[in-house]
Amino acid sequence: MRRILTVLNYLTNMRLSKFFGQTLREAPTESDSASSQMLVRAGYIRQLAAGLYSYLPLAHRSLRKIEQILREEMDAINGQEMCMPVVHPAEVWQESGRWYEIGDEMGRLQDRRGRDLVLAMTHEEVVTTLCKSEIRSYRQLPQMVYHMQTKFRDEPRARGGLIRVREFVMKDSYTLDANFDGLQTQYEAHYDAYHRIGARLGLKLVAVQSDPGMMGGKIAHEFMYISPIGEDSLAICEETGYASNLDVATFRKNPEPADTPAPLKRVHTPGQSTIDKVATFCGVSTRRTGKMVFFMGDFGAEAPPKLIAACVRGDMEINELQLRYAVKAQALRPAEAEEIAAAGCVPGYASLRDLDRTKVISVVDDLIPKSMNLVVGANEHDWHFIGANYGRDFTADIVAPIALAYNGAPDPIDGKPLRVVRGVEVGNIFQLGTRYSGSMGASYTDETGVERPIVMGSYGIGVGRALACVAEEYSDDYGMDLPISVAPYHVVLVSLGRSGEVKEKAEALYHALLTAGVEVLYDDREVSPGIKFADADLRGMPLRCTVSSRSLSRGGVEFGRRRSKNLVIIPLEDAVERIQENITDSFEALHKRLKDLPTWASRPATI
RNA sequence: CGGGGCGUAGCUCAGCCCGGUAGAGCGCUGCGUUUGGGACGCAGAAGUCGUCGGUUCAAAUCCGGCCGCCCCGACCA
298 MRRILTVLNY LTNMRLSKFF GQTLREAPTE SDSASSQMLV RAGYIRQLAA GLYSYLPLAH
358 RSLRKIEQIL REEMDAINGQ EMCMPVVHPA EVWQESGRWY EIGDEMGRLQ DRRGRDLVLA
418 MTHEEVVTTL CKSEIRSYRQ LPQMVYHMQT KFRDEPRARG GLIRVREFVM KDSYTLDANF
478 DGLQTQYEAH YDAYHRIGAR LGLKLVAVQS DPGMMGGKIA HEFMYISPIG EDSLAICEET
538 GYASNLDVAT FRKNPEPADT PAPLKRVHTP GQSTIDKVAT FCGVSTRRTG KMVFFMGDFG
598 AEAPPKLIAA CVRGDMEINE LQLRYAVKAQ ALRPAEAEEI AAAGCVPGYA SLRDLDRTKV
658 ISVVDDLIPK SMNLVVGANE HDWHFIGANY GRDFTADIVA PIALAYNGAP DPIDGKPLRV
718 VRGVEVGNIF QLGTRYSGSM GASYTDETGV ERPIVMGSYG IGVGRALACV AEEYSDDYGM
778 DLPISVAPYH VVLVSLGRSG EVKEKAEALY HALLTAGVEV LYDDREVSPG IKFADADLRG
838 MPLRCTVSSR SLSRGGVEFG RRRSKNLVII PLEDAVERIQ ENITDSFEAL HKRLKDLPTW
898 ASRPATI
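FYI, this note's numbering numbers position 531 of the first sequence as 828, with every residue one higher than the one before it.
Errors might be hidden in some of the hints.
Said to hold, decoys possible - Restricting the straight-line Cα-Cα distance to at most 20 Å, the calculated cross-link-like pairs of lysine-lysine (PhoX-like) are:
| id | residue 1 | residue 2 |
| --- | --- | --- |
| 1 | K501 | K862 |
| 2 | K574 | K625 |
| 3 | K315 | K829 |
| 4 | K574 | K603 |
| 5 | K501 | K889 |
| 6 | K625 | K515 |
| 7 | K862 | K829 |
| 8 | K562 | K550 |
| 9 | K800 | K315 |
| 10 | K550 | K667 |
| 11 | K829 | K800 |
| 12 | K656 | K603 |
| 13 | K550 | K800 |
Said to hold, decoys possible - Just the calculated beta-carbon pair ranges, DEER-fashion:
| id | residue 1 | residue 2 | range |
| --- | --- | --- | --- |
| 14 | R719 | A387 | 17 to 25 Å |
| 15 | T447 | I828 | 42 to 50 Å |
| 16 | R851 | D773 | 23 to 31 Å |
Everything labelled a hint here was simulated from the structure, so no lab data went into it.
Virtual Cβ for every residue (Gly too), placed ideally from N, Cα, C.
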């Protein structure tokens, strides 16, 4: 095996003079984040269209390395690699119902016979179809299958280089179990494996509770790379370990100190149509006010859209996802002024008192019933109530936690302030349960002869997105400094000068390294040293070896980490061995992080 | 889908306001000099100015439609 690898290595073109993919002195303006700037400048990726990228040889090598790490970690938890198609017949998506639930984000096309086809957004439907033919008995469970395959999602807005693209390769695995205990076991195995994967990529990943969304199911976690370039907001606490996507974050609701109930009083508040204005006008904190926000809820084809009046404390915002769940709507959008007026409400002075319950669904945050003597609208232009109390003066159809967590909100575990940060979703894990096996009829026969739906889980990691996060984390002013596990090559070999001796020695070392199986990128171009060093810095290989007349006169070749000042001279005859040692050491340093990773067992109790 | 910006040589951009021979730097090709942190000289190639239409004697430039790309928001395994 080793010999075969060596031969393949030897045959691979690793000479920069013939390399496909140029470095750019300046990046095209369209790239934005450090990662996409660097990946474009260093010749890893090229954009073909919005959200569609070509991966040049450097990126392709890195992606293959990431895939190999994923493969090893999936195999380690009993995964079996396979491959499913990118183009699916519409029927399987119709069976699951997602053909109808998902809108323009799904890529749809027709074949020559006019048959509807779907570009894979993910592969639950195909796995479930396979279950129907392959799984018959409880004896065949549990199972775990995975593949690395292209997905297409017609994102309304691709952005951020490789962070949010329309076509991408994902490692997605699927667990099949007889019951929820089995699912839980495989889910926990993935949870731990994902932390190992992060460590091997050199990324610190934070697992946060998340919304299952269109996947269905109940329990879900996202694995986040914390960074300002992230598109998700997270509420985290380092001390308690609480970590949640802001969509589903909870926090302690501490009411303002209780007074004795004041009488309800109608007061004239001319022009005080915002919370800040009315609070100042009435001389109270915004925490003593109630804020009304109106949405139109879409309840599907069966029911007409309906106005939703939501009320949170004046200093807070609405969590639209939780509001949507509370009213069981399929979608929400901000209501237009006319729609609000049509239901008899007065924007800016709206009130839950005297609502027309036939036209409006009213929801209050669970903090509102605990809060006394609030300032709220009087449902009449330029008038508010003071001393309003839930139950006595107004009520709602639904009381639910619909306030959005915020920076400094009390941690639900210990009440200390939560921190809201941005993160990139590198991976996610979902407990699907019987969402797909139920609707598509994938069942097995249990010990007692009863037919039951297979209990499923689904687990994804974006391969290109992982590369983008690594590039983001390991970029500096000169380029990338990639972890040894992800770098396309371990070492860049630079030859300086055109003297016959330097050339000869560099060529010999290049061949010796290849023969020894070292992944080396050889800069044999006839360009100035400055260009070679600048390109080496940019491309991001972690180690650099230089052969020049100067190094030879000092007794060998120069070797060190990228951009390091601590360069050593190694005699030529020891170079291969020393470089191999250094590569090994680099891997060991990286893998030290595997020892002290978060695990499912060690995670904090969540609420 | 709403708001904003951009589209001129392979790349970065100027020219547009105020209509009249299409420019610079980098890159590329050839020759020579140079070789430890993006060298220099000489010579050269390279753009139907996104696209369609309008105004005009004349449009990169003014006007309109469309397309594409970027950013913010909405949206979103």
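Comparing the hints with the structure gives:
1. K501 / K862: violated (27 Å)
2. K574 / K625: Violated: K574 and K625 sit about 33 Å apart, past 20 Å.
3. K315 / K829: holds (15 Å)
4. K574 / K603: violated (29 Å)
5. K501 / K889: holds (13 Å)
6. K625 / K515: Holds, because 15 Å separates the two Cα atoms, which is no more than 20 Å.
7. K862 / K829: Answer holds: K862 to K829 is near 17 Å, not above 20 Å.
8. K562 / K550: At roughly 26 Å apart (the allowed maximum being 20 Å), K550 and K562 break the hint.
9. K800 / K315: holds (16 Å)
10. K550 / K667: holds (9 Å)
11. K829 / K800: holds (15 Å)
12. K656 / K603: Given that 20 Å is the threshold and the Cα spacing comes to 7 Å, the pair holds.
13. K550 / K800: At roughly 72 Å apart (the allowed maximum being 20 Å), K800 and K550 break the hint.
14. R719 / A387: 17 to 25 Å: violated (37 Å)
15. T447 / I828: 42 to 50 Å: For I828 against T447, whose Cβ atoms are near 36 Å apart, the range 42 to 50 Å is violated.
16. R851 / D773: 23 to 31 Å: Holds: the Cβ-Cβ distance is about 28 Å, inside 23 to 31 Å.
The structure fails to meet hints 1, 2, 4, 8, 13, 14 and 15 from the earlier list, while all remaining hints are met.
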